[in-house]
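Listed in order, the protein sequences are those of chains A and B.
When we follow the UniProt record's numbering, the leftmost residue of the first sequence carries the number 1, and every step to the right adds one.
When we follow the UniProt record's numbering, the leftmost residue of the second sequence carries the number 1, and every step to the right adds one.
Worth double-checking, as some hints may not be accurate.
Put simply, identical chains are the same to the list, so a pair is met inside one copy or across any two.
[As the list claims (entries may be wrong)] The list that follows gives simulated cross-link-like pairs (lysine-lysine, DSSO-like), each with its CA atoms no further than 27 Å apart: (1) K332 <-> K13; (2) K418 <-> K76; (3) K208 <-> K219; (4) K332 <-> K112; (5) K418 <-> K31; (6) K303 <-> K332; (7) K332 <-> K242; (8) K13 <-> K242; (9) K242 <-> K219; (10) K76 <-> K219.
If you're looking for bench data, these hints aren't it; they were derived computationally from the structure.
It should be emphasised that the depicted structure is a prediction, and the values quoted were computed from it without experimental measurement.
Number of protein chains: 2
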Amino acid sequence: MNVELYMNMLGQKAREASRLVARADTGIKNKALLGMAAALDANRAELIDANRKDLENARQNGLDAAMLDRLEMGNKTIDGMIEGLRQVVALPDPVGSITDMNYRPSGIQVGKMRVPLGVIGIIYESRPNVTVEAASLCLKSGNATILRGGSEAIHSNQAVAACIRTGLTAAGLPAEAVQVVETTDREAVGKLITMPEYVDVIVPRGGKGLIERISRDAKVPVIKHLDGICHVFIDLQADRAKAVNIALNAKTHRYGTCNTMETLLVHEGVAEEVLGDLVDRFKAAGVELRGCAQTRTLVPAIKEATEADWSTEYLAPVLSIKVVADIDAAIKHINHYGSHHTDAIVTENYTLSRRFLREVDSSSVIVNASTRFADGFEYGLGAEIGISTDKIHARGPVGLEGLTSQKYVVLGDGHTRK
Amino acid sequence: MNVELYMNMLGQKAREASRLVARADTGIKNKALLGMAAALDANRAELIDANRKDLENARQNGLDAAMLDRLEMGNKTIDGMIEGLRQVVALPDPVGSITDMNYRPSGIQVGKMRVPLGVIGIIYESRPNVTVEAASLCLKSGNATILRGGSEAIHSNQAVAACIRTGLTAAGLPAEAVQVVETTDREAVGKLITMPEYVDVIVPRGGKGLIERISRDAKVPVIKHLDGICHVFIDLQADRAKAVNIALNAKTHRYGTCNTMETLLVHEGVAEEVLGDLVDRFKAAGVELRGCAQTRTLVPAIKEATEADWSTEYLAPVLSIKVVADIDAAIKHINHYGSHHTDAIVTENYTLSRRFLREVDSSSVIVNASTRFADGFEYGLGAEIGISTDKIHARGPVGLEGLTSQKYVVLGDGHTRK
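Turn these sequences into a full structure, and let the hints guide you.
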């Protein structure tokens with residue numbers, strides 16, 4: 001297969017399909033989503049069979065248990081995919097929504113209408129359920145999608161793609177509204193991210209290496225998520241109980257998520273009191289602690305944090321702790337070493353809470369709550385295609401609205417410019 | 001001078017300054033803008049003198065009259081710059097504005113806060129007043145700026161830059177909040193657009209060649225404007241008087257602007273009647289007409305439009321005319337040949353007006369008004385840094401809000417994730 005020609009063809013078809021999807025009624029799009037759910041339900045045997053092939057190949061290729069776990073698509077995964085589709089059906093359709101219609105002195109009326117981006121390219125690794133999740137969010141927001149999953153999930157993804165097509169055509173939408181790349185050739189990714197004539201935006205989902213590579217080579221905008229080096233700052237005027245609960249939750253609720261705390265900052269005036277309690281509880285939870293010099297004078301039994309620790313996303317039961325002089329030092333540390341993802345302050349001080357919200361340059365800034373709340377579902381977006389650490393276009397959790405843009409609408413009555 | 005080191009230094013200083021500008025009060029920013037206006041007023045002689053040097057060089061280098069006209073900075077230009085600064089002072093400050101604060105089932109309260117982008121790089125050609133205009137919009141929106149003007153305006157721009165610095169320091173803001181590149185070395189542009197660590201977004205203002213080059217080579221997001229191939233579609237149910245007025249205004253109000261009509265589409269059912277009148281009036285205005293075959297059977301005395309005409313931005317008194325079968329053909333033509341900038345329909349039909357608004361994929365879609373209204377001032381944005389033909393981030397006229405982003409703010413009361 002000539003990969004370049006093949007990708008061009010996919011692109012062209014996606015562009016054509018995008019025009020039809022962009023103007024599809026909410027009812028039609030929901031019908032397609034429910035049709036996909038029905039097809040997934042009706043084809044469980046085929047899906048599990050296709051997945052078995054992928055799992056066998058993966059085992060032969062020596063993939064580790066975690067990879068195999070992510071790759072597996074059993075009845076429970078399929079249930080989850082179906083439930084996910086129903087949730088997307090229930091979300092309000094952002095497309096066509098008109099806001100801020102105001103009359104101008106000239107007499108024209110001007111406002112904004114929310115519109116799809118066009119064609120979205122999604123590049124992801126193992127998990128086959130991403131295929132359904134990404135396709136459904138893109139479709140509901142009126143976009144066509146080209147999906148490129150990991151080569152290890154090729155059979156699973158093609159089986160899922162067949163169900164997606166069934167849903168689309170049952171609703172009268174073009175099957176090309178969602179296309180899953182059929183080749184595992186790596187050149188396909190290179191082509192997908194460099195055809196601005198057919199693809200409007202790329203959303204990579206996967207490890208940092210994948211995302212960095214794509215951002216570097218892409219010729220289209222990339223909605224991306226790099227590190228999640230999140231902080232909690234316990235201020236001098238923090239409520240002690242809240243501080244302890246939030247710090248524990250932010251670290252130990254889940255270790256592998258991007259909104260997990262990686263560095264704890266503690267005001268020097270409360271460090272002794274707060275750390276005494278917290279360190280024991282972190283240790284009881286099995287968290288390895290690494291502290292700055294000042295931390296280690298208070299809690300000598302912990303390892304020393306190196307300069308590299310402050311900019312490391314552990315994604316593991318490891319936490320670095322630093323004692324800081326005041327909120328200025330905390331904000332400076334966060335803006336310098338953090339990844340502009342999610343950072344929280346624990347304080348009862350009104351003025352400091354306002355300063356933290358304004359001055360910390362992160363996609364989510366939080367007062368008196370756990371960093372673990374930085375999530376599309378928790379924020380009420382319904383579902384998320386990812387969390388953006390970019391500033392342009394979308395920042396923070398990206399839901400349906402992040403997959404749309406706005407155009408100006410102008411209503412006149414024969415108005416001409418003076 | 002080592003250009004790479006120099007640009008790195010500018011970038012580093014801009015990044016540092018951006019943190020201070022981002023949290024500056026509205027009052028402080030306005031004070032700086034008024035200080036710039038005062039400095040421009042007090043240094044008219046120096047400004048005109050510096051400009052004289054540029055004009056002399058330009059004449060020696062054989063620049064044409066249009067270029068010299070754009071380069072000239074006399075008392076009237078300076079008056080305009082001062083007036084522009086006062087207008088930006090009067091605009092509401094978008095930074096820090098919090099919207100959509102809602103309680104979630106978990107008990108946390110979530111909303112969005114508008115924040116500056118950081119450091120904005122502006123690349124522009126001749127006109128020295130762009131220096132003040134761009135700097136003032138970026139400052140008011142809390143961003144630091146690096147400006148790279150045309151080499152032919154280097155003396156004028158440096159003189160303007162000195163006034164800008166005076167205003168900044170008088171208000172207690174860092175002079176590095178607005179930096180004008182001091183070298184005319186072309187390498188400076190190449191460096192400016194490839195240092196994502198220091199520059200968050202690039203706004204090129206100039207000809208299509210410049211913008212295409214920058215978009216191709218940039219390693220940072222570019223807010224860009226390419227063509228303005230704008231259409232007016234006169235529907236079968238158009239009010240005849242409105243149609244004639246709008247078409248004339250859209251073409252003849254100004255020829256060199258991006259929102260000027262370049263192609264007129266006319267429903268075949270009204271073509272004879274409407275064109276009869278319009279063609280005479282266009283000819284009287286000195287507009288050269290180029291028609292499709294059907295147009296030429298109705299108005300034989302005009303030139304034939306070639307395929308290239310449909311995708312040409314004339315920026316001149318030239319208009320292509322095409323007779324179409326219905327709104328479907330009109331929308332198809334616009335989405336295919338247009339530049340997704342600004343397109344208008346003239347119709348009294350409710351359903352067709354709604355279809356046009358929804359289905360035309362342009363940054364501004366207009367019913368019964370001239371395309372010439374697509375403009376930041378006319379839309380009430382106060383001022384514009386440019387018009388974006390992109391879909392990502394900003395679309396259409398870009399004002400202060402387009403130079404900002406939003407972050408999530410989360411307020412809790414000790415909340416942890418269950």
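Quick rundown of the hints versus the structure:
1. With identical chains, the CA atoms of K332 and K13 are at most 27 Å apart between copies only, with a shortest distance of 16 Å across copies and 49 Å within one.
2. Only between protomers do K418 and K76 lie at most 27 Å apart by alpha-carbon distance; the minimum there is 22 Å, versus 65 Å within a single protomer.
3. Both within a single protomer and between protomers do K208 and K219 lie at most 27 Å apart by alpha-carbon distance, with minima of 19 Å and 18 Å respectively.
4. In this assembly of identical chains, K332 and K112 lie within 27 Å of each other by CA distance solely across copies; the values are 22 Å between and 38 Å within a copy.
5. For the identical chains of this complex, K418 and K31 are neighbours neither inside a copy (48 Å) nor across copies (34 Å), given an alpha-carbon limit of 27 Å.
6. For a Cα distance limit of 27 Å, the shortest separation of K303 from K332 inside one copy, 24 Å, qualifies, whereas the shortest one across copies, 67 Å, does not.
7. Taking identical chains as interchangeable, the C-alpha atoms of K332 and K242 lie at most 27 Å apart only when both belong to the same chain, with a minimum of 23 Å there against 59 Å between chains.
8. Proximity of K13 and K242 under a CA criterion of 27 Å is satisfied in neither setting, with 54 Å inside one chain copy and 39 Å between copies.
9. For the homomeric pair K242 and K219, neither the shortest alpha-carbon distance inside one copy (46 Å) nor that between copies (43 Å) is at most 27 Å.
10. In the homo-oligomer, the alpha carbons of K76 and K219 never lie at most 27 Å apart, since the shortest distance is 38 Å inside one protomer and 42 Å across protomers.
Comparing the model with each numbered hint stated earlier shows that hints 5, 8, 9, 10 do not hold.
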